[in-house]
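Trainee: Sequence:
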Amino acid sequence: MSTPNGFPQHSRACVTQSMEGGAVQDLQAKKAGKAAKKEAGGRVALPAEGPVSVGTPVSETLKLLPEELKANMKIKSITPRPPRKPRLERAASLDEKSWRRWRRFRTSQESLTDPNDTSSSNGSLQEASPSPPNRGRASPCHPCCQQNSLHSSPDASEASPVGKSRGSASDLGKRASEISSAFGGLLRGKAFTGGKPRLSQIMPARPLPPMELNVASHTLRTANRIDSDCLDYRYYSQHKFGRVSSSLSDTRLHGNGMVYDSCSTDSMKSTFSLLTPIRAKDVRSRSYLEGSLMASGALLGAEELSRYFPDRNIGIFVATWNMQGQKELPVNLDDFLLPTDPDYAQDMYVIGVQEGCPDRREWEIRLQETLGPHYVLLYSAAHGVLYMSVFIRRDLIWFCSEVEYATVTTRIVSQIKTKGALGICFTFFGTSFLFITSHFTSGDSKVNERKLDYNKTIQALTLPKNVPDTNPYRSSSSDVTTRFDEVFWFGDFNFRLNKDRETVDSILNQNPDTDVSRLLVYDQLTSEMSRGSIFKGFQEADIHFRPSYKFDIGKDSYDTTSKQRTPSYTDRVVFRSRYKDDIQAVKYSSCPVIKTSDHRPVFALFRVKVRPGRDNIPLAAGQFDRELYLMGIKRRITRELQKRREQKDQKSSSICSIS
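Numbering (the working numbering), first residue to last: 1 to 659.
Worth double-checking, as some hints may not be accurate.
Keeping only pairs whose Cα atoms sit at most 27 Å apart, straight-line, the calculated DSS-like set for lysine-lysine is [stated by the list, open to error]:
#1 Lys-609 - Lys-465
#2 Lys-456 - Lys-536
#3 Lys-499 - Lys-451
#4 Lys-499 - Lys-595
#5 Lys-327 - Lys-595
#6 Lys-417 - Lys-456
#7 Lys-609 - Lys-595
#8 Lys-609 - Lys-580
#9 Lys-555 - Lys-327
#10 Lys-327 - Lys-634
#11 Lys-327 - Lys-417
#12 Lys-446 - Lys-536
#13 Lys-595 - Lys-536
#14 Lys-643 - Lys-327
#15 Lys-595 - Lys-555
#16 Lys-451 - Lys-327
#17 Lys-417 - Lys-563
#18 Lys-499 - Lys-555
Hints are computed from structural coordinates only; laboratory data are not their basis.
Can you build the whole structure from these sequences, using the hints too?
Mentor: Quick look at the structure:
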């Protein structure tokens with residue numbers, strides 16, 4: 001507790017006891033004051049505010065004592081002096097400013113110090129930093145305090161703000177040199193590296209909660225997920241083999257300062273190798289062609305499905321295109337197979353072609369070249385000029401059953417295979433798929449003939465053959481589309497618009513973008529599907545593109561020949577599912593940039609739900625067209641090198657030489 005004058009009450013006795021020793025200091029201070037007056041030319045600094053330091057003269061100390069203390073003390077009277085002339089204080093040097101900044105930083109660090117001194121963040125600074133000079137202040141006196149408490153602290157007297165302001169120039173220079181040397185030693189210490197304080201690593205205040213062995217997140221790479229029956233593989237391998245393979249070593253992670261403990265290491269790298277560990281007993285009990293019905297590590301089971309598709313949905317691209325038998329293929333198929341609207345490519349690509357080009361192999365090579373090395377040709381089939389190609393991501397070929405196909409000819413003369421249907425089916429995990437591409441009878445008024453083509457196809461398409469039906473209780477022998485979980489039917493159905501050319505052109509000119517609802521009122525297929533006379537149980541996504549038929553080749557204008565055919569939606573994609581909401585249409589559009597035919601390609605993107613299966617089906621065992629894969633990749637590399645060469649030649653030709 002302090003008096004109004006700012007002097008502690010408990011210091012009165014101490015001052016009385018130390019008067020004799022203070023008299024000596026008073027005489028010395030007077031001599032130093034006279035010397036300072038001579039050197040400063042009569043300029044005297046104002047006394048600093050704050051508590052009285054040890055080096056303050058007794059005459060100045062008495063001014064701060066209360067009246068009661070002055071009455072009890074037997075001292076000589078002091079002659080009052082006129083007020084001194086004020087002067088500006090000396091500006092702080094750079095060393096003093098740096099010292100003050102360091103003190104603020106140290107104070108902020110000390111404020112965060114653990115009361116029990118358990119934090120290691122401040123410990124490194126406490127050990128490395130030199131102890132700064134103590135600033136003198138009037139400490140509370142105790143009966144056991146001796147006079148040495150006022151005389152044996154030269155550092156305290158030198159660091160006092162009052163003493164610093166009243167000391168001589170030599171004292172100030174000495175003080176500045178001490179601060180400079182102290183701060184220089186601080187910079188050379190271990191507390192600073194590279195001009196910034198380096199804090200030690202923070203240890204947790206209490207033990208971390210226990211974690212399960214598999215700490216990999218479901219949103220991370222799904223290939224790192226471990227089967228439930230292999231969770232103890234790490235413990236087993238560490239004791240038997242002494243190590244566990246990993247995609248990134250612990251020493252690299254810890255050496256780079258990326259992680260601190262083993263939990264951080266496990267979260268930043270693969271807990272195991274990229275390949276799932278398989279027990280020897282599981283290998284013995286598994287047949288790679290037939291599979292084991294109830295094996296714990298089923299290839300087509302729920303664990304494997306969740307590893308690759310946590311949400312159990314795959315992306316499927318389905319496209320149809322009437323090529324009109326043209327030999328010339330488009331220069332670039334990127335806009336067709338890889339539209340820019342979705343951010344990611346699909347897991348499966350199914351392309352059906354009617355009136356295909358004469359060189360079917362060249363067409364498949366072009367498809368492989370466009371899709372690149374991430375996809376392989378699972379299967380392809382043909383029925384005359386009807387082609388179908390199924391590409392799938394190369395990581396997924398092991399989860400497909402054997403692929404089967406069948407064909408149907410709808411013409412009276414079966415040798416002419418320009419009209420008909422081609423179907424390909426297989427099972428992916430536990431979900432069966434059927435893809436059908438068709439070319440129905442042409443003609444504006446031949447709606448009944450097209451319905452007959454549909455009925456003949458669903459009855460005569462003999463699928464599946466060897467692959468078992470996933471749900472035989474919901475199948476019908478008279479309709480092939482009921483024998484599969486997911487069915488996609490696409491092709492040139494040849495359904496037209498029941499309206500004259502002038503009316504259709506006027507509607508298209510009024511709504512040049514995507515408003516085609518007025519045209520769909522006259523669409524034959526939409527009308528027949530609403531009656532249930534064709535494609536029973538099938539759905540079609542909303543149409544927001546212009547009619548895909550009939551264009552002048554190489555142009556964006558519809559038929560300008562003498563026949564003046566009415567633009568129509570002849571190319572369509574429809575779908576059905578055994579289970580409600582299994583198929584979700586994401587996009588349904590055409591590709592207007594491909595103009596080598598009188599038809600525009602039409603494609604649709606779907607999200608399809610996949611269910612786990614059992615290993616009791618004949619598997620494809622990773623079979624794909626390897627020769628086509630290599631040819632497509634070589635074409636892709638050659639095209640890329642040619643493009644780079646052209647860009648280099650273009651840059652070199654654009655450089656002008658000035659003579």
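Trainee: Now, for every hint given, state plainly whether the structure supports it.
Mentor: Do the hints match the structure? See the list:
Between Lys-609 and Lys-465 the alpha-carbon distance is near 24 Å, which keeps this suggested pair within the 27 Å criterion. In summary, the hint linking Lys-456 to Lys-536 is supported, as the alpha carbons are separated by about 14 Å, within the 27 Å threshold. Between the alpha carbons of Lys-499 and Lys-451 the distance comes to roughly 20 Å, so the proposed pair stays at or under 27 Å and holds. A hinted pair counts as satisfied when its Cα atoms are at most 27 Å apart, and Lys-499 with Lys-595 qualifies at roughly 25 Å.
About 13 Å separates the Cα atoms of Lys-327 and Lys-595, which keeps this hinted pair within 27 Å; it holds. In summary, the hint linking Lys-417 to Lys-456 is supported, as the alpha carbons are separated by about 15 Å, within the 27 Å threshold. Note on Lys-609 and Lys-595: the hinted pairing is violated, with a Cα-Cα distance of about 35 Å set against a maximum of 27 Å. Taken as a hint, the Lys-609 and Lys-580 pair is honoured in the structure, with Cα atoms around 10 Å apart against an allowance of 27 Å.
Note on Lys-555 and Lys-327: the hinted pairing holds, with a Cα-Cα distance of about 18 Å set against a maximum of 27 Å. With a CA separation close to 22 Å, the supplied pair Lys-327 and Lys-634 stays within the 27 Å bound. Straight-line distance between C-alpha atoms of Lys-327 and Lys-417 comes to about 18 Å, which keeps the hinted pair within the 27 Å bound. In summary, the hint linking Lys-446 to Lys-536 is supported, as the alpha carbons are separated by about 19 Å, within the 27 Å threshold.
At most 27 Å may separate the alpha-carbon atoms for a hinted pair to count; Lys-595 and Lys-536 exceed this at roughly 33 Å. Straight-line distance between C-alpha atoms of Lys-643 and Lys-327 comes to about 24 Å, which keeps the hinted pair within the 27 Å bound. With a C-alpha separation of about 7 Å, the suggested pairing of Lys-595 with Lys-555 holds against the 27 Å cut-off. A hinted pair counts as satisfied when its Cα atoms are at most 27 Å apart, and Lys-451 with Lys-327 does not qualify at roughly 31 Å.
Distance check on the hinted pair: Lys-417 and Lys-563 sit about 26 Å apart at the alpha-carbon level, within 27 Å; holds. Simply put, Lys-499 and Lys-555 have alpha-carbon atoms about 23 Å apart, close enough for the 27 Å limit, and the pair holds.
Checked against the numbered hints above, the structure breaks hints 7, 13, 16 and satisfies the rest.
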